[in-house]
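Enquirer: If you want the building blocks of each chain, they are given just below.
2 protein chains.
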Amino acid sequence: MKFSAIVDSLQEDLARVDARVRRAAEVEYPVLGEILSAIVSSGGKRLRPVLLLLAARAYDYDIEPLIPAAAGVEMLHTASLVHDDTIDRALLRRGQPTLNSVFNSGTVILIGDYLFAQSAILAAETMNPRVVSVFASTLADICDGQLREIFTAHRIDQTREDYERRIYGKTASLFAGAAEMGALIGNADESAVTALRAFGADVGMAFQIVDDVLDLQASTDTIGKPANLDLRQGTVTLPTMLYLSRVNGDDSHVQRVVDGNGVTDEEYSRVATLIQESGAIEEAMDAARSYVDRAVARLSIIPDREVQQQLEAFANLALHRGY
Amino acid sequence: MKFSAIVDSLQEDLARVDARVRRAAEVEYPVLGEILSAIVSSGGKRLRPVLLLLAARAYDYDIEPLIPAAAGVEMLHTASLVHDDTIDRALLRRGQPTLNSVFNSGTVILIGDYLFAQSAILAAETMNPRVVSVFASTLADICDGQLREIFTAHRIDQTREDYERRIYGKTASLFAGAAEMGALIGNADESAVTALRAFGADVGMAFQIVDDVLDLQASTDTIGKPANLDLRQGTVTLPTMLYLSRVNGDDSHVQRVVDGNGVTDEEYSRVATLIQESGAIEEAMDAARSYVDRAVARLSIIPDREVQQQLEAFANLALHRGY
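Chains as they are written, first to last, in my numbering: chain A, 8 to 330; chain B, 8 to 330.
Don't read these hints as lab results, they were simulated from the structure. No experiment lies behind these values; they were computed from the predicted model shown. A hint or two may mislead.
Unchecked claim - Sample of chain A residues lacking proximity to chain B, with all beta carbon distances greater than 10 Å (derived):
1) Phe142
2) Gln153
3) Glu171
Claimed, not checked - Covered by chain A, per the in silico footprint, the following chain B stretches (three or more residues, Cβ under 8 Å):
4) 11-20
5) 112-125
6) 134-141
7) 149-160
Glycine included, every Cβ here is placed at the ideal spot set by N, Cα and C.
Bound conformation, chain A alone (with noise of 0.2 Å):
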């Protein structure tokens, strides 16, 4: 099953998510105005609402509280992004310029925080304190994740664990709170809802590790944003960890690269050819399908055969996209 039939088959549901999302993000403000309507109609894949609308489906739902749940997941997730390409300072997002390019950072950082509380707003239409609840810890999971990324930066002293706690916070968290919020919005039992939690946690997983992957493997065209920005920001992911593993102690080559002072654009561009011809990549990917593999074994739970499969077919995602 393709991506594309799923979100056929949401359709309706999402086209009303889309223009919840389009509307929370209406300020006033000339040319934020615009700025924001471009960022969250150029669409990524809406991920996440898909997730939390699946999950709900598999169970007897009520839609009202389900659309602006499903909206502030992909309205936190937009925020999210936001903050993060003010850190990086990054100008370049899926292809089009960042508010960065546009305003100062203090700006940036205000217009980040507007559409977390209008995420904020959307959860707490949903009315259930649980979905509530979800929603504030993810956020806090989220800033875990990142803070852990910068406490960890420049350091290649780090164990397969934090690397794991790091992504957990910074894209998994999300991934287990929109399935777990659809589940809950759903009425789906307690052992349904832990089941559909810990699927969206190994996806996202798979998600994080595959992204960490290709940033090593893309080039600036491909992926919509500089190539090599992990290492580069002295972010030390699972790729390279295996390498290292590879090395026997002989590190200092991705040590220099790590550390970043000045490190030239062929150093990085080696020891990223250099991590991609040794392996690292293939084991890489396992890990990120042994993670779809334990997702999908959680869906035996699941009653209904459709949602089930296009459950299947979502986790299977993250290891089949291209950019």
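Given chain A, put chain B in place with the hints provided.
Expert: Positioned in the frame of chain A, the structure of chain B alone reads:
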């Protein structure tokens, strides 16, 4: 009645609120943990939790949701100060070094986000959907006010309505929200909820006007942050507006200072002195006093005479405070 007497009467609840705030600010990262703990313990006056507690005390409140709600408004205030200081690149706040003096701006953005997340978790703990709604829309109002401040900076062609809308968002909205949340947790009837929200808004307006007056009057020593910061940032506040209306179009000296290009310290001080000597300060204080009078008049709806007096004293604080 003095503020300290109000605080004394709330001592037990406030101690629980303080403990809850401190716990919510605990993080694992070594340096950051100590700094956050210093920030949340450095005090300020805890005006917003006091207002929330008083609003609930007037009615039949349940203590369990009250503590996280009061901790939540204080945490929201702290989070917004962290981002505010990042935007202003301020190195001092309440006479203490800010996070900006220790961490880079990306880290400080995330720390602010993390504190926002903690405040949302505290609000969610009330398990009261209306409290969560007020919390979320207050966050949006704060961002709106701060964005307005940025978008109107360096412009002297602003109306008093622009100013009022801006300070409502920046400051009064959280006073309004705190009073409303307290009343909601106190199970006050709708007319009392509305009256207490309006009371909070009026008091908040008075606080911000007086803040703007103090910024023009004070020296760095007395307010614990750089003096005349508003002028230096091109923020046109009420005293400046009132001064402009007195000079009959002879405003090129103000225009130059508000523009802010190549302005010397002496020029800032000179314009601040001109504003102080013009009578604009007294007129601004009159405006603050009107807000306080209007706030106090709203208190007739409160059944409990003691709480009524405490809230009246709270409102008067806006006019009589030293730093």
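Enquirer: For the segment 112-125 of chain B, do at least 3 residues have a Cβ located nearer than 8 Å to some Cβ of chain A?
Expert: Held - the segment 112-125 of chain B has 12 residues with a Cβ nearer than 8 Å to chain A, which meets the minimum of three.
Enquirer: Minimum Cβ separation between Phe142 (chain A) and chain B greater than 10 Å?
Expert: Contrary to the label, Phe142 (chain A) does not stay out of reach of chain B, its closest Cβ about 7 Å off (not over 10 Å).
Enquirer: Examine the segment 134-141 of chain B for residues whose CB is less than 8 Å from any CB of chain A, and state whether their number is three or more.
Expert: holds (count 5)
Enquirer: Counting residues of the segment 149-160 of chain B whose CB is closer than 8 Å to a CB in chain A, do you get three or more?
Expert: Per the Cβ count (7), the hint holds.
Enquirer: If I take the minimum Cβ distance from Glu171 (chain A) to any residue of chain B, is it greater than 10 Å?
Expert: 16 Å, holds
Enquirer: Please check whether the segment 11-20 of chain B has three or more residues whose CB lies within less than 8 Å of a CB on chain A.
Expert: Result for this restraint: violated, n = 0.
Enquirer: Determine whether the non-interface label on Gln153 (chain A) survives the test: each CB of chain B must be over 10 Å from its CB.
Expert: 5 Å, violated
Violated hints, listed in ascending order, are 1, 2, 4; each of the other numbered hints is respected by the structure.
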